[in-house]
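Novice: Residue-level listing of the chains:
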Amino acid sequence: MADMPKKKRKGANTSLVFTNKMYIFLIPALAMFLVFWIYPVLQLFYYSITNFNGINYDFDFVGLKNYSKVLSNGTLTNSLKNTMIYAVFTVVLSNVIGMAIAMILNTRIRFKGFFRTCAYFPALFSAIVVGFIWSYVYMPGAGMIGNLLTNIGLDGTAFNPLGNFRTALYAIAIVEVWKGFGTTMIIYLAGLQTVDESLLEAGRIDGCTEWQLIRKIKLPLISSTVTINVILSVIAGLKAFDYSFIMTNGGPGKSTKTLMFQVYETAFTDMKMGRASAFSVMAFAFIILITVIMLFYLNKREVEL
Amino acid sequence: MNRKTMFALALTGAMTLAASTAVFADYDHEAIENSGDITITLMVSGVATDNDFETEVLPNLIKEKWPNVTIEATKLPDDNYYTSLKTKLASGECPDLILTQPMYAGQNSCYALAEAGYLASLNDLDTVQGRQDMAAVTYDGDIVTSTSGVSILGCYYNKDLFAQAGIESVPQTWDEFLEDCQKLQDAGIQPIVMGDKDQYVLQFGLYQIAANEIYSKNPDYDIQLRSGETHFTDEGTWDKVLEMYKTLYDNKYIDADMSLGYGASQSITDFIDGKAAMTFDGSFNAPALTAEGAAGAFERGYFPIPGTEGVYTATCLGAGYSIYSGSKYIDQCKEILDYWQDGHSDVWKAHLATGRIIPVYGEGAETVPNIDLFQPFIDLMNEGKGFYWCNQAWPAGTENEMEVLFSEMVGGQGTEIEDITEGMQEKFEDLLED
Amino acid sequence: MAFGKKKDDREKEQYLKLTPKTILLYLVIILFCVIVISPLVIVFSSSLRSPENQTSPLALFIEFTGASYVRAFSNMNYPAELLNSIMTTAGSVLIIVIFSTMAAYPIGRIKTKLARFLYFFFISGLIIPSQMVIVPIAQTLNRLGVPNTRFTPMIMFITCSLPFSVFLFSGFMKGVPVEIEESAYIDGASLGKRFWSVVFPLLQPAIVSCVITQGLWIWNDYFYPMVFITKKAQYSLPVGMLQFLGDKENPAQWNILFAACVLCALPLIVIFLALQKQFVNGIAAGAVKG
Numbered sequence: 021m022a023d024m025p026k027k028k029r030k031g032a033n034t035s036l037v038f039t040n041k042m043y044i045f046l047i048p049a050l051a052m053f054l055v056f057w058i059y060p061v062l063q064l065f066y067y068s069i070t071n072f073n074g075i076n077y078d079f080d081f082v083g084l085k086n087y088s089k090v091l092s093n094g095t096l097t098n099s100l101k102n103t104m105i106y107a108v109f110t111v112v113l114s115n116v117i118g119m120a121i122a123m124i125l126n127t128r129i130r131f132k133g134f135f136r137t138c139a140y141f142p143a144l145f146s147a148i149v150v151g152f153i154w155s156y157v158y159m160p161g162a163g164m165i166g167n168l169l170t171n172i173g174l175d176g177t178a179f180n181p182l183g184n185f186r187t188a189l190y191a192i193a194i195v196e197v198w199k200g201f202g203t204t205m206i207i208y209l210a211g212l213q214t215v216d217e218s219l220l221e222a223g224r225i226d227g228c229t230e231w232q233l234i235r236k237i238k239l240p241l242i243s244s245t246v247t248i249n250v251i252l253s254v255i256a257g258l259k260a261f262d263y264s265f266i267m268t269n270g271g272p273g274k275s276t277k278t279l280m281f282q283v284y285e286t287a288f289t290d291m292k293m294g295r296a297s298a299f300s301v302m303a304f305a306f307i308i309l310i311t312v313i314m315l316f317y318l319n320k321r322e323v324e325l
Numbered sequence: 313m314n315r316k317t318m319f320a321l322a323l324t325g326a327m328t329l330a331a332s333t334a335v336f337a338d339y340d341h342e343a344i345e346n347s348g349d350i351t352i353t354l355m356v357s358g359v360a361t362d363n364d365f366e367t368e369v370l371p372n373l374i375k376e377k378w379p380n381v382t383i384e385a386t387k388l389p390d391d392n393y394y395t396s397l398k399t400k401l402a403s404g405e406c407p408d409l410i411l412t413q414p415m416y417a418g419q420n421s422c423y424a425l426a427e428a429g430y431l432a433s434l435n436d437l438d439t440v441q442g443r444q445d446m447a448a449v450t451y452d453g454d455i456v457t458s459t460s461g462v463s464i465l466g467c468y469y470n471k472d473l474f475a476q477a478g479i480e481s482v483p484q485t486w487d488e489f490l491e492d493c494q495k496l497q498d499a500g501i502q503p504i505v506m507g508d509k510d511q512y513v514l515q516f517g518l519y520q521i522a523a524n525e526i527y528s529k530n531p532d533y534d535i536q537l538r539s540g541e542t543h544f545t546d547e548g549t550w551d552k553v554l555e556m557y558k559t560l561y562d563n564k565y566i567d568a569d570m571s572l573g574y575g576a577s578q579s580i581t582d583f584i585d586g587k588a589a590m591t592f593d594g595s596f597n598a599p600a601l602t603a604e605g606a607a608g609a610f611e612r613g614y615f616p617i618p619g620t621e622g623v624y625t626a627t628c629l630g631a632g633y634s635i636y637s638g639s640k641y642i643d644q645c646k647e648i649l650d651y652w653q654d655g656h657s658d659v660w661k662a663h664l665a666t667g668r669i670i671p672v673y674g675e676g677a678e679t680v681p682n683i684d685l686f687q688p689f690i691d692l693m694n695e696g697k698g699f700y701w702c703n704q705a706w707p708a709g710t711e712n713e714m715e716v717l718f719s720e721m722v723g724g725q726g727t728e729i730e731d732i733t734e735g736m737q738e739k740f741e742d743l744l745e746d
Numbered sequence: 459m460a461f462g463k464k465k466d467d468r469e470k471e472q473y474l475k476l477t478p479k480t481i482l483l484y485l486v487i488i489l490f491c492v493i494v495i496s497p498l499v500i501v502f503s504s505s506l507r508s509p510e511n512q513t514s515p516l517a518l519f520i521e522f523t524g525a526s527y528v529r530a531f532s533n534m535n536y537p538a539e540l541l542n543s544i545m546t547t548a549g550s551v552l553i554i555v556i557f558s559t560m561a562a563y564p565i566g567r568i569k570t571k572l573a574r575f576l577y578f579f580f581i582s583g584l585i586i587p588s589q590m591v592i593v594p595i596a597q598t599l600n601r602l603g604v605p606n607t608r609f610t611p612m613i614m615f616i617t618c619s620l621p622f623s624v625f626l627f628s629g630f631m632k633g634v635p636v637e638i639e640e641s642a643y644i645d646g647a648s649l650g651k652r653f654w655s656v657v658f659p660l661l662q663p664a665i666v667s668c669v670i671t672q673g674l675w676i677w678n679d680y681f682y683p684m685v686f687i688t689k690k691a692q693y694s695l696p697v698g699m700l701q702f703l704g705d706k707e708n709p710a711q712w713n714i715l716f717a718a719c720v721l722c723a724l725p726l727i728v729i730f731l732a733l734q735k736q737f738v739n740g741i742a743a744g745a746v747k748g
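These protein sequence lines are chains A, B and C, in that order. Add 20 to a position in the first sequence, counting from 1, and you land on the number used in the numbering used here. Add 312 to a position in the second sequence, counting from 1, and you land on the number used in the numbering used here. Add 458 to a position in the third sequence, counting from 1, and you land on the number used in the numbering used here.
Among the hints, erroneous ones may be present.
Per the computed footprint, the stretches of chain B lying under chain A, defined by three or more beta-carbons under 8 Å from a beta-carbon of chain A, are [claimed, not checked]:
| hint | segment |
| --- | --- |
| 1 | 388-401 |
| 2 | 421-427 |
| 3 | 508-516 |
In case anyone wonders, no lab produced these hints; they're calculated from the structure. From the three backbone atoms N, C-alpha and C, an ideal C-beta is built for every residue, glycine too.
I would like the entire structure built from these sequences, with the hints used as guidance.
Specialist: Here it is, written out as structure tokens:
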């Protein structure tokens, strides 16, 4: 193919070694991706303009009604708000904790391996198992924290984070952080290990404080790691579903209904597949928007730093 | 026990009782005998227990009866059951036999599934011939669910704690009920425990009150909702029901601070541990609620929440089994259902022994576990004072809106009664649309 | 990696001296680890009690019995579920590695707009949550006549893993020297030979990373198996765990549930403890190289 005489376009593949024939290797992955991922996503766009209920294939086109309904009935606003709070909370907390622990473990501390194992351990458990464990931790009265409070003389039954409208969302976000920060920490640790010790030495000789070393040398040098970690946790945060599903079922009230939980509920409880699709399309657009903005911003910062 | 005449409501004009009793061409009663080794799949909701009926006992008993039949049963927790059912229907991989609920109840409602053409007609089952109580599972003239039992919503109570608080008999009016709650509270006993973190449990109390205050006066309330003659916002209907239930929270008879973070199974545990005197729950949970907990084997009772004007009950036809219309083994499944539901087979008896079904006919109906608890409800029902559960008549999702808004109200989110009724009406109309 | 190793050696020689500042550091990290690990310790301690003994769970390790494990073991049908989990995870990961290294080959090597577009095309898949597309996926499988077997979730695991894996491998591919391949090209090696014998072996660190991150996710995922598996005999461990969700028949039998939790995570814990170094490096490499 490379030898074929053709109009030489700007950006065309001119490499002799890496010819377009290599695209053959792409076929299995691309085929699967198109059939089982892209095509279903396109189907969503199609359903979003129908009144499909998820089980009855005898449905009609309803134009943009689903979109206007989703915008007007408040479900999008509520779940968007919850998702944003959840995402911001988990992103900030897991990155701050992850980085702090990584920095401590990057010093010449004893039992480093043990501490690292402890911090990473929760990441090994399935979301369903984690959901069970934390349902128990949070249970008022007989749960772990409730028991602890009772033992130190406080009222353990009054501790009810999942039953309180103001705290439930944060309570499940903490679970996400608990399970997720270990992975973040390991990635930061790897990033920190690439920081050249001699730079730090030079900084120390110049009389920098530990905080200045972090701020002026370490952070700038691991900025690409920060980008990766933040993006990964933003994506995970925006996709939040598991703990609303397993631990709170969206409650109390609507206080832990995230975008994905709302999509799931609209599709499966209300049997409004069409509307759920419209919801998905909008949620999808939103997630893309956020991710692109984040990438853009973080890349810019990376350059500035 | 005779076949009980169920109080059932004819929701659609097209649904006629006559249709269900007409004579139809018989299905092939030798279908299983004439097939080779076959595997019938069954999917139900719930949680498998030791020696579970659907996943262990039933397959074994069917194997004994027909060695060439293997039943592969799956039991999933409710939410997962709904999800699985829907995707399996979408992918044409639906199990042969599925659990469905009467009318429009839940996401496995037999009307919604029948409307989409997923359920085979069961009009020719031997066990449904002559039954007059099948309206709630009859869609467009076809019986689509084979069900043999009723389900009850009521109030379980701890007789020891009642005695401790000086309560001698179960309350007969709403005011008496409130008085009893107060007595319990004064005696330092938590009157009622509920697991409102699982918001569906709000239905357990509300539907009983609705039977008392709404359906007893207007049994056609929900039909009229659909035709627009009545609304959830009508004065003296749902506003009253919600207000009454709210009273229990206002007086801390149910502690919202606690209940909103409490799961359904935790509230059951609290009840059997003797930490609360009452809990609203269904007959389907009787085995768990009569189990021995930390409080030992105290005596339990079960009564319908009384209304302001008399006692009615939310007792109605329970969930049953449907055959997937795309099944390769429709006649074989019919043979199995007929054997299972015949009122005297080993499968029937084993099913009764689970204590999770209260049969309306057949042998052994008077010996099912906890029948003493259930009998008052069954008697009420036979007097015409039993009504279906509200969500059976509503499009799935209406009750969720009710639960969410009610939780918000008792959770101190500033939601008022009229916000709930308006929200329910809006959701109801929204779901009916299209 | 080599750098990290050198550092490790050096650390063995000298640790931080105990000054008030470093003692504070130790206190912080110890306290933090205690908080993080405490739920797991309570779970483990309770799982070793009999199902009935639920009082004062904070009194750790006061009873040692396998009773709860026995119940959980039989409730879950553990051996079958374990086997299913192993098969699903191993099978999916194997195919993921093959397909995505292959896909990353042209994407990482060819420098055209098309290759760049394909790179972003795959990555865009990262942000689509499964809940959103599950019904259309079920229909697609149906239209293609794919029956619901234990292999159906594997199809979705592989597909969902492609965005990340392609991203990982094509990032890593950039670090594999082009010269090696050029000399293979001059020696007349075919494209297939160049990929499988020259490039593929050099991807080994990224493969480890892919196997670990994707294996962890697939092992723990409950959504696809929950939706696509009808037969109890084909359940994987997390789906078996779902059976405990909303268990009303056995109210709050926490000890059995905890034993089940431990059983569910046990294989991963064992693998993690045995291969800690590879785990940690693999996860780090996955993110940093990509």
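Novice: Work down the list of hints and note, for each, if the structure agrees.
Specialist: Cross-check of the supplied hints:
| no. | hint | result |
| --- | --- | --- |
| 1 | 388-401 | holds (count 5) |
| 2 | 421-427 | holds (count 3) |
| 3 | 508-516 | holds (count 4) |
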